[in-house]
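K.L.:
So the chains spell out like this:
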Amino acid sequence: MSVEVTNLDQLTQAEIQASEAFLRDFIANAAASLDTTPGTVFDQLITKFHALLHASNKATHMRYKESNSLLRVTEDPELADDDTVDKILSNYLIERSVGGLAAGQLLLLLDSKVFTPVVAGTEFSAAGITYLPTRSFSGVTSSDLILNSSHRLVFDIDAVNSEYGLLIDVVANTVGSAGNVRKNTAFTTTTTLSNLTQAVSAGDFEGGADSETNTDLINRLHQGPSTKNMGARGTIKAMLLAAFPTVSDVSVIGAGDPEMLRDKHSVLGISTHGKADLYVRSRTLPVTTTVTVSAALSSASNGSWVITFDRDTYAGMYRVSNLRTTGSTVTDEFTITAVQRNSDTTAVDGLDMMPQMYDNEHVFTRYQTTVVQFTDTNVTGLVAADTRDYDIDVTYMPILAEVNDFVLDRDNRHPAGDYLVKAPVPCLVAITINLIKGPGAPEPDTEAIKASVADAVNNTDFVSGKLSADVVIQAIRTHLSARTRIKLPIDMRGEILLPVSDLTPGDVDNDGSLWVFDTDELAIPYNPEDMATSRTVSYFLNSEDVQVNVLASDHLVV
Amino acid sequence: MQYTPNYASNFLANLGTFWSVHFAAQDQLLAITKAGLFEQEQAQLNSLDALSTISRFDVPVFHKQLWSKLQITASASAETSLVLHSYDETTNEYGGGIVYGQSTQGRTWKIPVPANLKKVGCIVDRPVDPTVWLVPGVDFILDTTNHVIELLKDPFLQFTPTAGVDEELSVSMWLFGSDMDLHDAYNQFGFVFNTYAASSSDLYRDLVNAIWDTHIKGSHAAAFRAALGALVGVPVVKGTELVESIIERTDRLQVITDANVYEFKLGNTATVAVGDTVNVGDFLTDAVVMLEGQALEDDLALPGVVVDNSALLNSIGAKGTLTFVNYDVDVTYTVDADVHTLARFPIGGRAADVDAFWDYVHVTGKAAGNSMAMALRTSPGTGEPHINDLPLTINPMRFLLGVLKHNAVFVVLKAHLLNVVDNGRSLYMLRKLLPAHVSLLSSMEYEVSDMYNETSDLGPEGAFAADGLSSVMDEYSNPEPTAFYVS
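Those sequence lines, one after another, are chains Z and U.
In this text, residue positions in the first sequence follow the working numbering: the first is 192, and each later residue adds one.
In this text, residue positions in the second sequence follow the working numbering: the first is 25, and each later residue adds one.
Treat the hints as calculated values from the structure; they're not laboratory data.
In this text, a Cβ means the ideal position worked out from N, Cα and C, and glycines have one as well.
Covered by chain U, per the in silico footprint, the following chain Z stretches (three or more residues, Cβ under 8 Å):
#: 1; region: 204–215
#: 2; region: 222–228
#: 3; region: 245–259
#: 4; region: 405–413
#: 5; region: 418–424
#: 6; region: 439–447
#: 7; region: 599–610
Isolated chain U, as found in the complex (with noise of 0.2 Å):
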């Protein structure tokens, strides 16, 4: 027989007039049947939850829960004070119900919940012919990270308070259409490469499945970037589509297209357009900017590079750091006793460095037979160049980029524009990702008011200094970026 969610209530009918007329126990029956059939649904839904977990591209992200119930007592029930601010304060907005000029006080009835609870459909007084009906956001909020529902009436107010011999009054809520995490991602695949997540998300579940894809295959652009979008929070493109709309709602950027639905903090700027054709790997919004071969040399913004090698820098005992600034130069050429042409442009950094670091650069080039003057020629030829065959100016930056651009990748991140919430710690695996005769090197833009959010899910120096990421990054300065540093 197939299952109709009403099969319940005309479970007497089907059964004959005489039963749906004359039987006396009628309201039991039902009331017998409807509880079986609400386990058999959880029932079924556990199945369909065990089929789900056989794929890593289909594993749940979270377990739904027909009906928990949640009894507390006054004791665990936890009443706060909330201000509501006034007018005069610059957080509220337009429209919040404040009355101008006044604050309000305002009382708060926390909960405590399993911590694993992440999302409630409604809560009801009790599962059948409900007479309370709790709508999220409206008459409570989950708060997750605290593990608390926070009801804005008192609880003992609104639910019937019941009471055995020698108890604590005690409510019983029924929640109905729970989110609940069992880690289903990390526990069938997640697990397997090490990459934890304290609460799963369909982005863990993508990150997953990108160091999945990044294994099976080997090291390739689209897992990479499908893995660094997960990490940051920042969705990438999963296939060929057609961007059909950009839609900036009150709380989010979304890029429509004819596959899916990709959603962006508020602040993200679309760096695509209606009617675009975006791949598989893409980003769609100035959140991330990834950089790859000519377009590192050619593209990358930034107003310099700095050196930060300390075996370079110790070997020739410098004492700070050298700067490869991103604007033309003039270049002069010397010719030494051995009749060498010497090539020397401006770099930033102390005097006595930047000329160690030449000297440096002279004596390898000499003993290696690839000196600096011969790796700046413009035309082809072998041997010492004629002053003919030199670049009277150079961008340092990009001259120094052009030798880094095949073994590097350069992703620029504004820390602003980021979700990284649990994967946050999962960064040390872009690491596994590349081949490992590839670098990635990363900058990070911060606002200010980055700076001083101690929730920040990135610091200021933040995870991507991790070993084999490369460098650390720019520093208070969005929109103008400063200098990354090379090792």
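This is chain Z alone, in the form it adopts within the complex (with noise of 0.2 Å):
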């Protein structure tokens, strides 16, 4: 326990030392004949061991004063044991995270449809973690056969060639926001499955999270205290962090502030207020998720199409990329030519309050459609309004919508209140690193360097505002020898998703897309007029987006 001082030994030297040339100074001062000096029989006997007992009293009390405050206990390791953290944690009715373990769909890659047992043990890995299946999984080659949850089919992909899928749940056996790996991530295993060819990812794994630190409970202590309600911008996000666990970062903009659009729509022109927009990071990244969708073919003669998203259907989604036939593994097999972001204002059932949207306003919330349009010429026998699958990727923030409805509800909205849940403005990074190995020194692991780069900048947050090479310095450096070093400058870069209605993909001045590049510090351009600062804006940045250079040693040999 290290509240108390309860052995001597505990106590420094410097406390020590102070008690002791008090008291020597005061007893030689008041009783001058008495031979004070350090080493003698009296201040052997009586000053030192006064000095110890007084010493352990102030510094007792000091600690027991210290070790109320987490600020206090996080700055001395002295203090730190998870005893006393708890029981401060306690008092802000907080409990330490113990973080979550990453889950998802592994696709497997057979040559043969044939019956493939995949046993609970079997592991699977990838940017070094390993992954296990949430249970025995049988593949088994007709939908007949399917008798429960355990029983999967094995699909054709390309029977021609003999390629088959076979889609199994996989969990991480380590929690850690690094088992979030993106779609397509390429696993391997030490098992042997006779007709397995490779295992990917189906999907972008979710659920992956860090046990929290001292520091991360510091910045999330004003929750505890805090009430949940919508009484003002600490309380919101207080109550939104309490009622959705994934949601890591909230930013409110109301009355005032440059950002907040909504408010200029009187007759006046100027802002009357009375509005607000919740900027809520509801993940840690966006998901990425492939989805078979039904396009609608608009005009025959150019061979015209449009795929419709309604609001519920990946609500305030970013954007859709890699469109593409059914089952094809073709990238990009079908050229996106507009997207248009509608807004639908019909009432939302259970929810007696529609905020006011203007303009770009509805972008990136849940009440944002999406029109997508692109061209596929085979249209042979076809007519206007005939309808043919696709397979398309769609990025978004998960429970944009249940956020959204959350707040606009009686029981927690404002009666008039007219708050908007939006999804943040995502700066999507990407960023190169260098590093030269020091003479002798061991290869750097450069998976561990992208999960943990990523999980830094991932941790930027609104009030951080700016990302600073600082931060990406700091996250390698742990995992790095002592003369291997970051050959600077470092490459950042992002592609800011700007709120717009409708764009081009492909058209650099019709894109939807604010690119910023830099070397010591990615600062988001100050654009209230299009509801982009640091304020709105967040970076994301997936550990497959941090490219690693090990170049090999410049030290001469000494």
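Grab the two chains, each in its own frame, and use the hints to assemble them into the complex.
P.N.:
Below is the structure:
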């Protein structure tokens, strides 16, 4: 127990010497005939023992005081034992998050359509993380053979070329956000599956979360005493973080903020206030998933097609990409010619409040609908309004609609409270790092570096605002041996997807993207008129978008 | 045994006659006992400190240090010259002890002290039976900005210098009853809401508590007022209290109630009178005026309001700002081709900007089915108003404030009456203390002297220009305020 001094050995020399000095001086002043010189009998028998006891008393009181403060505890390793921290947290009604396991679906690519058992203990690895099936699975060759949830169909991908697929559920065996691998990440396994040719993630993995450090807890401490309501910016954030465990950051833009455009539509054109936009980071990273959609032919003469997403399908989606024929592995088979982000402001079931939105203010909200236009000239025999299925990747922030509807629920909102939940304006970051290996140093663990860098970038919150190279360097440094160094500068770039209604992918003048580059500090340009400032933009970095180049040692032999 | 301050002195007597009369080492025993008791007393103070930190209301602003020894060498003590100005200079005061018409040279000695030393009770040469006793304000000044004690006499002449072998000459001074800033209010509670102050104070503790109150209860007026008061260094009433006296002292104004004494800088004018009942969150002087609701429309005494909304101005192609004046002007009405009544009154600004603004208002109003003329209707009804239902004159500023009043509070601050010290950096916190949909509009009034004062706590476009606080303030104008800006 670190709060009290139970052993005099716990006292520092400074603490003892301070007390000794006071006693020695004081006694010398009070009784000049006494020899209080260090080392004398008096000093050894009286002064030192008094000093020890008084120093112990003072140290105990000081430690008691400081042990009530998570800030001081964190700064002083002597105090930072789990017992002390947990006691402090209990005063704030907060518990340390122990992290979460990443999970997702693994696509096993097979070269023969045969019964394929995958036992529960089979280990698959990616990004330095081991994943296990959530249970034993049996790949069966016909849907008629599926009798329970452990039975999964071995389906055709390209039967002509003997390509088949089997989907199984896997979960990481260690907690951490590093387990949230992206779609199409290659997995390896040491277990022999006779017909297995490759294993890849079928979609982005989710749920992986790191256990909280004391620093994380300090940043979250305010949530404990805060009431959870819409009363003020801080309490709104506390409410959302408490209600939605995957929400990691909230920025409230309200009256007087230049990014608040919705309250400037009065007859007079000035801000009349009364509205707030809540930018909610509902996941560490946006999720990208493949969805099969039905497209409608809009013009047979030029092969123009349209895909429509209603407001409840991947609500507030960021972007669509990689349009292809269903089941095809061809990347970007069809070119998306236009994307229109419209709004659907019909009443939401159970809600009696509809936020007012004009111009681009509905973009990245649960009221956004999306119309995707593309060209596929293979329309032989088709007429307008005929439909065909395609596969398309959708990138979005999950639970946006749920959070919005929660905020506008009568149980939570102000009377007449015109509050609107938005996904953060995304800044999709990519970073390139060059390392110069020290002489005789081990090979850096590039996968671990990528994971740490991504983790550090994704922890850059609205309050921090800027993404400094310092954050990246700190994340890397812990993985490097003493003489291995980071070769500066670090290349950092970000693509900000602006909340605009109509855009043309591929047209640099109208693709809705704003690029930022820097080697020292990635900053969000101040564009409140586009609702894009550091208070509304979140940095997202997937570990796959971190490139680590390890260069040979350039050291002279000494 | 109950501790009493003279316990050490009575110790021998308590032991009995033999010890008090015949024991040869009385002085030594007394010294040891006293020393031990002082250490124990310090430990008790530390213990009380530790207990007080449990409560955010009682967390000590400063740590009390009974004794601390300051040992300085000759080289560490800096001697400086001090010029005492003559009568013919305007800064001296009557009774200042200066011989008229003569300049006087003086000297001070500066001794570095720890940065967290905030107050010294006295300085002595030794803790027992001191022969030198220095009183603050008379013999020395503690300069907490530069972290020095400034002595009016040479310490090497006042205190007994000593030197060991091959050691520089030094003197020891004992500081009694010191206040040390250990940042307990921040370390224990302020950090939770990211509210740091470089120096602790009662006002800082008030600020921390106001922020905590807001988070615990949600935004409420009392906590907002308490936070505002703490930020600008103007105390607010803590409860329902009765004003018992108002006293202007030589260096401050005191408003004394049956529960508290509130102190203000000289120059403040009390806005309450003896016998008044005041309520929690009230401001007691003219340093801060806060207007909400209808009072915002009725009571704001400014010449006008300047609209500086870039989105609006850009959308109408304006090249300047628009001013809504605070006096009655004539309203003119016309009818457009669609038989919509168009209302218009004079607005300050470039003529082209004003025309563009009214065009925007009419187009927007017609599109929304709620035109300006309809907004001005003086009697119930729908549709296009008859001329008899419309006012002939209007006060443009009050009309505008009528639009804003339900989602805004307005604060008028007099810069020269404020006492913004270290809390000023937390002004941004006000943004977090209001409901998100409510704006804070503020007006800062300056005296001309403020503009030349480099140590002025809030610049002419000071921290209140921060986002969410909405407005940039008056300039160079006290006592006549000018317009304020809305976005």
